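**Student:** Listed here are the chains, written in short residue letters.
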Amino acid sequence: MSYTVQPGVIGAAIMPCVNGEMQSLEELLYEVTRRALRAAGVTIEDIDGIVVGANDQYDGRAISVMMASGPVGGVDRDILSTPSAGEHAFVMGALRVASGQYRTQLVVAWSPIEASSLSEVQRLAADPYFHRRLPLDEMSAHAMQATALMATMPNLQAMAERVTEKNRKNGASAYPDLATGKSDAALKARWPLPPGAPPVTGAVALVLASEDFVRERSCPVAWIAGMGWATEPAFIGDRDLTKAPALEAAAQQAYAEAGVTDPLGAFDVAEVADATPYQELLAYEALGLSPRAQWEQHLADGTFGPQGKLPVNLSGGAISLNPVYCTGLIRIAEIALQVLGQAGSHQHGNASMGLAHAASGDAMQYNTVVVLRADTKGANP
Amino acid sequence: MSQRVGIIGIGQSAFQARRNDASYPDLVREAVTLAMNDAKLEFDGIDAVVYSLSPDAMVGIGNAERLGIDAVGARNKRFLRINTGGATGLSSVAAAYYHIAAGACETVLTAGADKVGECGDSQSVLNKIWDPTYERQLPLGTISMLAMSAVRYMEKYGMTEEDMARVVVKNRWQASKNPNAHLRNETTLEEVANSRYICWPVKLFDCCPQSSGGGAMVLASERYIKERNLDAVWITGVGHCSETYYLGDRMGRMQLADHADAYALGQSFKRAYKMAGIAEPLHQVDVAEIYAPFSNTEFHSIEAAGLAPLGQSPAMVREGQFQLGNGIPVNPSGGTLCTNAIAVTAMIRVAEVALQVWGRAGGHQVKGAKRGIASGNGGDHQFFGTMVVEA
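These protein sequences, in sequence, are chains F and W.
Residue 13 is where the first sequence starts when you use the numbering used here, and the numbers rise one by one after that.
Residue 861 is where the second sequence starts when you use the numbering used here, and the numbers rise one by one after that.
Bound-form chain F, shown alone (with noise of 0.2 Å):
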């Protein structure tokens, strides 16, 4: 199925780890506007409406997109939320535009860490009569996706140390600045994951825009080849964690879209989610870039390394910088700003055809997966 407009993205910005002390959450989300507005080479004046990602619980408020929309230039402006998920809000904006009634979308997505305890907050997800009490917070259930796929697969854990230096190389390479690669030792991670990197705080946003309005303004672009989303049901005992058919469910609506049959041969770059790295061990299999009995291999060839056939999560990823709610959006803004060639210090040498993976909730609950492809002149988008 085609979209009734071709959306595309025209500016991104990324504020993968900022000093949270320093600035008010009302002061960071107007600087990451700025700067997204200020990369697409537009005004707030051309920006028909907004998305948010905003997450009461990660806030500390209720409705958070109200304290949001002043700074996001939501005032007298038609602003949504989508508290589901910071990359949920990519989604709708780009659906806004899809559907003709839009000529620009700003999204926006943050990650404050001011709670008192995150595990807490997560916490406060878990269904109140059977799981309150176990400590379930999103650790724990990525704990245990882990487990489960290592009670199938014999030297797994050798396979996740290797995306983890992988990714620590390419995050110390990105953002030399912010990306220590080392992990906090009061973030008890649980077993069998490694220390993480810690949560910080972020932000990023993007401008969307239509394809009448990149041809009047001349924008550079990376346009919406293909987009699906999907969720895992509720509970995870409902589950097996080994696998992941919600994301071989939202790639499938990606490629159908894109027209992507092998997605190995198709991209040039790819972020992924991995809040743990075994998480993008999963999503290569269900994505179609690698599936399992191919792992080591890849791994040992260096396929998704930075030299490698399909370089994956070159910014680092998750493993590197850790921005709680705003990591999924941020992997689709990595790619988007890979495929208008302006990525910086990672900047891949012909990013044209881009995979954007970002999971969210319980061992990878919501996937979604966005293809973005360059601009060729003069040719269809």
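None of these hints come from the bench; they were simulated from the model.
A portion of the hints provided could be inaccurate.
[Said to hold, decoys possible] With beta-carbon atoms standing in for the labels, derived distance ranges:
1. Asp981/W - Ala163/F: 25 to 35 Å
2. Glu1087/W - Ala163/F: 40 to 50 Å
3. Lys181/F - Ala877/W: 52 to 62 Å
4. His143/F - Pro992/W: 21 to 31 Å
5. Arg1178/W - Tyr141/F: 48 to 58 Å
6. Ser984/W - Glu173/F: 40 to 50 Å
[What the hints assert, rightly or not] Restricting the straight-line Cα-Cα distance to at most 25 Å, the calculated cross-link-like pairs of lysine to aspartate or glutamate (DMTMM-like) are:
7. Lys1016/W - Asp88/F
8. Lys1134/W - Asp88/F
9. Lys988/W - Glu39/F
10. Lys1037/W - Glu1051/W
11. Lys988/W - Asp139/F
12. Lys988/W - Asp88/F
[Unchecked claim] Covered by chain F, per the in silico footprint, the following chain W stretches (three or more residues, Cβ under 8 Å):
13. 936-950
14. 989-995
15. 1233-1247
Note that this is a predicted model, so its numbers are computed, not measured.
Note that beta-carbon positions come from the ideal geometry of N, C-alpha and C, so glycine has one too.
For chain F, the structure is supplied; the task is to place chain W on it using the hints.
**Tutor:** Below, chain W alone, put in the same frame as chain F:
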């Protein structure tokens, strides 16, 4: 141009103060089952789901949409949640609409539920919508917030407490004809006048109840509807607009909009009307379901919808306008004043207008209604969504 989007199924609970028989996901499922049966669809026929839920704190579960995934049949499907406070229900229908108008989906289910009556005290939750540094310490709730609007409206346009009571009497009488309404007992001007003050000039009977129940709607593309020869009504206009976060920015000399009025609601209606080709709402609209949780807010909402000049609606209600059987009935279902399950209240506004133009509204049917309007308000009178629905 995008193709038209139709409504093919509607489900709503019979709203009550408590539903001890049903968990939160049960309530969602109740509405979904009704809507799916109405659309004569199985879950395999749904391409995507938009989940309607305002503050998580109201149900006491973080990201509570996740617990509703199975209730809406979304496993391995497109699923996302919308929250614009009280406007959420209408914003969710709008989000479902964009899925189809974009060409991405043929059929979309939008659904949600709330248990406001079981949350303890909704006003203590709703105090948490204000900025923690500047406004949260004030005794602000949505009642005191809109009582300030009432005071300002009184000062500006001469509204009286009796004018407010007339809205209550009208809407309760209309709700008595709607089996799904929560407050279905008729009342009198005297009874309203004798109810206790909650926050002057708003009295108990001027306030909406805290309701529990669910709502769901199924939307489909024109192609899908025509190919299957389905019965449908059509969404022809959609709009959103927002005001400032800080209430203080709507008061005093530096105000960006007057807290007496509903400036952004008016802007939102203008957008929806433009899309639907409505130039003169007074002559082109047959019925209105307008989000007004307190009696006084129905006045500025009627005016924002272009159904009365600024400040004139109290006099028109005095003359018997806007009630069932007279002119353009406003809130023939009883409206938000008689039923408020916050997560789906604004969706029910759209659903009720759809039932009206479909000719399926039963005892509160507006005769011959072919075009209706709906609205939703969220945040601290901040987010406004509007919709035009036609037969």
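**Student:** Out of the numbered hints, which ones does the structure contradict?
**Tutor:** Violated hint: only 1; rest satisfied.
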